[in-house]
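The whole structure should be built from the sequences, with the hints applied where relevant.
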Amino acid sequence: MRLAAQGRLPRLLFDYVDGGAHSETTMRANAGDFAQWRLMPRILRNVQHIDLSTRFMGARHRLPFWFAPVGYLGLLSPRGDIAAGRVACEAGTVMGISTFSIAPLEEIAGAAGQSACQLYMVRDRAITRDILDRAKSAGISDLILTVDTPVTPLRPRDARNGFRAVTRFGARHVLDMVRHPRWLADMARNGPVEAGNIARYDLGKGILEQSARLGREIDPRLVWDDLDWLRGVWSGRIYVKGVLHPGDARACRDHGADGVIVSNHGGRQLDFAPSAISCLPVVREAVGPDCEVLFDSGVRRGTDVVMALALGADAVALGRACAYGLGAFGEAGVARAVDLLREDIASTLALMGLASIDELKAQPRDEIIARITP
1 MRLAAQGRLP RLLFDYVDGG AHSETTMRAN AGDFAQWRLM PRILRNVQHI DLSTRFMGAR
61 HRLPFWFAPV GYLGLLSPRG DIAAGRVACE AGTVMGISTF SIAPLEEIAG AAGQSACQLY
121 MVRDRAITRD ILDRAKSAGI SDLILTVDTP VTPLRPRDAR NGFRAVTRFG ARHVLDMVRH
181 PRWLADMARN GPVEAGNIAR YDLGKGILEQ SARLGREIDP RLVWDDLDWL RGVWSGRIYV
241 KGVLHPGDAR ACRDHGADGV IVSNHGGRQL DFAPSAISCL PVVREAVGPD CEVLFDSGVR
301 RGTDVVMALA LGADAVALGR ACAYGLGAFG EAGVARAVDL LREDIASTLA LMGLASIDEL
361 KAQPRDEIIA RITP
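Just so we're aligned: 23 in UniProt numbering is position 23 of the sequence shown, and the numbers increase by one with no gaps anywhere.
The set of hints was computed from the structure by calculation and includes no laboratory data.
Check each hint, because a few of them may be wrong.
To be verified - Computed Cβ-Cβ distance ranges for the label pairs, DEER-style:
1. Ser347 <-> Gly247: 34 to 40 angstroms
2. Ser23 <-> Pro220: 20 to 26 angstroms
3. Ala4 <-> Arg216: 31 to 37 angstroms
4. Gly247 <-> Gly58: 24 to 30 angstroms
5. Ala199 <-> Arg38: 45 to 51 angstroms
6. Arg28 <-> Trp229: 34 to 40 angstroms
7. Ser347 <-> Leu270: 32 to 38 angstroms
8. Met40 <-> Arg179: 44 to 50 angstroms
9. Asp202 <-> Glu285: 44 to 50 angstroms
Source: prediction; values computed, not measured.
The beta carbon of each residue, even a glycine, is placed where N, CA and C say it ideally should be.
Pasting the structure below:
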C-alpha cells in the first residue's frame, strides 16, 4: 500500500503522510521497537472461530482497531475523509475526525457511524466552543484532546516541500502534481479544495492559508486547568492523546479524562522521544484497569495490534495504514487495508491458541508476551 501510494501521490502529499520530525529517529523506533517483543503460542486450543470484537469508546465494536484522526485525507483522494468514514462504518469501528479534515465534521460523522472528534485547543476559545457545539449536534460523544503539539517541530520533508509553510502553490508544486496524472484527474473533477472543517472561522482562503493559520493558532499555554474546563463543558467522553509518561496518564485520569491515548504523534513531534510501544505497559499500570487506554504510533501489521492489546491497550488506532490505502486506491484501498489487518490479527490469535480478543485481554501478560533482552 505504501509503495502504491508513493507512486500515485504528489511528493508534497506522500511526504506529509510518510515523514516525521527532524531525523525521524522516533518515527523509525515506533515501528522497529515492536521487534523487541515476542508472542507466546499455546497449543491444542479450539481456534476454528475467531472473534475480533471488543469494547472501547463506550460500545462493542467488530474490530479491535479504529481510524486515528489524520489531517488532509481529502487531499489524498476525492472526499477521502468521507470515504474513510464509510469504510469505518462498514467495518464496524470508530472514525477519528481530524480538526484538519477537508470535509466538515458533520459530513464525516454522517457517513461514519460512531465517530470521535479531535480537538486542538486554539487561542480563540470561541472557535473551540463552536467545534464542541458542532460535534455535539452531529451526535458525537467521544472527544480526542490532542496535547502533544504545543509547537510544530521541523519536519524536513515538509520543509523541503513547503507544506503548511506557503499560502499558495508554486510552480514546483504544480509540476509535481502534473507528474501524477491519475491523482490530478481525480482531484480536478471535484473542484477547488479547502479545509472544510475550519472554513467558517475566517482563517483565510484556500487549504494552504487556512491550515497554516490554524496551525499557528494552536494554544501553547495549555495546562491542567484547561482540561478541567473542557471536562466541565463537554458531557461526553474525553480521551487525551499524546501521553507517554505514567505521571501524565494518572493526572489525565484524575482531572476527569475517560481515557488516554498512548502516542507520540507517529514520530512527528519530539524526535528522540521514546517509542509509543515502549511506554504502553507503564501507562497501563499507572492508570489501572478502570481508565481506558488506547494506542497508536508505529502500527503496520496485525501482529503489532495483537502486541499492543497484550501490553494493555483496549484498542489500537491506525493512522498511516489508513492513509496509505486511501492514497493508493481511494476508498477501496482503505477497505483492503482493513481486510489485510483483520486477516493478520485473526491468524495471529489462532497461532497463539486464542479464539477472541477478549480471551487475549484476559490472559496474564507474562504468559502471552515477553520482552527480549539485548
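* Asked: Range hint 45 to 51 angstroms: satisfied by the CB atoms of Ala199 and Arg38?
  -> Given range 45 to 51 angstroms: holds, Cβ gap about 49 angstroms.
* To do: Starting from the range 24 to 30 angstroms, see whether the pair Gly247 and Gly58 falls in it by beta-carbon distance.
  => Holds, since Gly247 and Gly58 (Cβ atoms, about 26 angstroms apart) stay within the stated range.
* C-beta pair Arg28, Trp229: status relative to the range 34 to 40 angstroms that was hinted -> Distance hint for Arg28, Trp229 holds at roughly 37 angstroms.
* Is the distance from the Cβ of Met40 to the Cβ of Arg179 consistent with 44 to 50 angstroms? -> At roughly 49 angstroms between Cβ atoms, Arg179 and Met40 fall inside 44 to 50 angstroms, so the hint holds.
* Consistency of beta-carbon spacing, Pro220 to Ser23, with hint 20 to 26 angstroms -> 23 angstroms, holds
* Asked: Okay, Ser347 versus Leu270 on CB: inside 32 to 38 angstroms?
  -> Check passed, 35 angstroms falls within 32 to 38 angstroms.
* To do: Check the following: the C-beta atoms of Asp202 and Glu285 are separated by a distance inside 44 to 50 angstroms.
  => 46 angstroms, holds
* To do: Just tell me: holds or violated, for the beta carbon distance of Ser347 and Gly247 against 34 to 40 angstroms?
  => With a Cβ separation near 38 angstroms, Ser347 and Gly247 satisfy 34 to 40 angstroms, so the hint holds.
* How does the Cβ-Cβ distance of Ala4 and Arg216 compare with 31 to 37 angstroms: does it lie in that range? -> For Arg216 against Ala4, whose Cβ atoms are near 34 angstroms apart, the range 31 to 37 angstroms holds.
In terms of the numbered hints stated before, the structure departs from none.
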